[in-house]
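Undergrad: Chain by chain, the residues run as shown.
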Amino acid sequence: MRHRKTLYLFIIPALLVIGVFFVYPIILTFNMSFTRFQGIGKATQVGLKNYDRIFSRDRYLEAAWVTVFYTVIVVTAMNLSGLFFAAILHRLPMIRNFSRAALYTPSMISFVVVAYVWQFLYSPLNGGINVALTKLGLGAFTQNWLGDPNIAIFSVAFTQVWMFTGFTCAIYLAGFAGIPEEIGEAGRLEGASSWQRFRYLELPLLGPAITVAVMLTTIGTLKTFELPYILTKGGPDGATRMLSIEIINNLFGQYKFGFASALSILMLILVLFVAFIQNRVLRDRENTQ
Amino acid sequence: MNKTLVAAAAILVGIGGSAQAMTDLDVVAWKGNVAQPAGLPELIKRFEEQNPDIKVDLSYVSRKDVDKVVPPRLQSGNPPDVTMVDASLVALWGGAGFLSDLGEDHDWYKKMLPSVKKVMTLDGKVLAYPLEIVGMGNFVNMDLLKKAGIDKAPVTIDELKTACTALADKGISPMIFSGGFSAMLYVGANGINPKGPSPAEFGNGDLKFADDPNYNAALDSVRDLVAAKCFDPKLQAALDPWATAPQAFRSGTVAMLPHGAWNISDFAKVDGLNFEFAPMPSSFSKDGLALDLVGPGWAIPKDAAHAEAARKWIEFFAKPENLNVFLSVENAYSPYSGDATPPPKFSGPYTAARKAGDSILWPFSNEEFPKQLQSEWENSLTGFLLNLDKPNKDTLDRWDESVEDNL
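Sequence order for the protein chains is A and B.
Counting from 1, one number per residue, gives the positions in the first sequence under the numbering used here.
Counting from 1001, one number per residue, gives the positions in the second sequence under the numbering used here.
Since the hints were made in silico from the structure, they are not lab data.
The beta-carbon is built from N, C-alpha and C at its ideal position, and this holds for glycine as well.
Mixed in with the good hints, there may be bad ones.
Computed Cβ-Cβ distance ranges for the label pairs, DEER-style [to be verified]:
id : chain 1 : residue 1 : chain 2 : residue 2 : range
1  : B       : 1390      : A       : 117       : 48 to 54 Å
2  : A       : 10        : B       : 1397      : 32 to 38 Å
3  : B       : 1390      : A       : 288       : 49 to 55 Å
4  : B       : 1266      : A       : 220       : 43 to 49 Å
5  : B       : 1111      : A       : 135       : 58 to 64 Å
6  : B       : 1022      : A       : 68        : 55 to 61 Å
7  : B       : 1051      : A       : 220       : 48 to 54 Å
8  : A       : 44        : B       : 1051      : 39 to 45 Å
9  : A       : 195       : B       : 1397      : 17 to 23 Å
10 : B       : 1351      : A       : 42        : 43 to 49 Å
11 : B       : 1105      : A       : 45        : 54 to 60 Å
12 : A       : 68        : B       : 1397      : 22 to 28 Å
Pulled a few chain B residues facing chain A out of the computed Cβ check, cut under 8 Å [claimed, not checked]:
id : residue
13 : 1064
14 : 1067
15 : 1068
16 : 1092
17 : 1238
18 : 1239
19 : 1371
20 : 1379
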């Protein structure tokens, strides 16, 4: 019994770090969300006014919707592409290590660098993508990639998927490595095709890898800031304006620390809600399989 | 041996004494780095020669980072001795009592333009020494214009439309018109009537943008520009105004770019780019309308450790021969009357409009319009360019809503 109590002592440093650097700032932010504060000077209590403004203006609800929509696109595409490459590389051991490193490389580049490079590629005035399409005789497919509100969010999402497909691929490859060889062998002896082995043997056994990959990419994407901020600044006309961009604009563009705190609290609730539901669904799925 | 020891001791005492007398002046500014030197390296050298007991320690902090770097120092009582400020920081830091009153007993204060005085003072206290007024107008590639048979930069709406049609007919791209910045300048130049109500009345909600005939006409005028083939609104609406747009003008493929005079130095470096900086074509003037932006200034924080040296720094800039170095590199105008300041290069038409009195102070630079409204202008004008068919009211209501949010 005393031994168990001693063990609890060892988690005190971790609890202190979490308390000081995570819980306390959240409490401060929560308190600040009921104030009008410009980041300097005195804060004035305004009650629920900040929250009232958020819910009475379409733009903030639209920002929340854009955040969720963007997350759905990115998480789906990133996990499908990662799983696709992992399934192929699992079957091609000769090129697996090289390809894994190559796919992973973009995620090691800074967001800022990636965003600026893609901004030039997407540019409607002599941008790389439109020029390439024109030279290939596909001029009809040229687009205003970041300027058309119907396309911009997909263009930004594509950049993020390009960047992090290697990351999800690495997680799924680790999942494939954990599947016993004998199962694949048995499938082959039974005459299962490659697709059937993937669908009925490997995919169910990849449950834990799917849970980890989907959870990590969801939380990371909900917090996305750099790519849309540099590529479009949240534009055109709010088409890629996510909650994170609204928060930064209110904080440092307009010195509305109280209002930005209210937005941050709502974003925290959104992330926690999505993560909780997702975790529950994925764990249930793992257990049933 | 004894003599050597005495000499060494004397040297050490001397060094100690001079080190004690030396003042390190801690200056924070968003100009003065390699990309935007603003003449500060030369001016610092000159200042140190004239004040051998002061060493200037200039820290470059970008404008965006100033919001994060300086407030903690102000609040902890460890501020820089001198910091660069703009109108919004004068209001924010000055309003919270963190800036010193520089006093009215200075020649420079007496010479300061009244419109700038309003920005740099708060509750009767002079909180900043303004450095410059920067022009915003229309960059015109004169060679491309000549190819279309025009030899003068357009300054009226009719001249602009004629130029656009002529350029487009020659296969030359007439104009960059990004929703983020260029459109804002054009709409401002045609919505803010210099002889009409003060922009402050719109900024504090007394008047509504949606009810104002000038702002409605300004949006209609944008549609006219599209009809005159000035630009493709859908293509240019979301163009990055800070990187892609100036780059397009630099490349010499576009004839006009509404932007700020801070680009002059950069464009001047391009071989063969024959350009002029003109006022914005406006329906309110036959000479065009110069959009003056109140630039940054110097302020001394309340708890500055070396306030005396900081005042010397400001007095140094107040001498026209020193301020002119700054203005010349910045291609800016002096915020003081009576100084013999040479006009910025390549800015003949813009300077002429100012001299004719056809200029306004850009209301986003003097706090007449709230800061938040600027991003709403940028976003809503982008949306407007993407769908010119929607009623003006949709766009103008958003501006009024943004003002209301700020009250």
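Undergrad: Check each numbered hint against the structure and report the violated ones by number, ascending.
TA: 1, 2, 4, 9, 11
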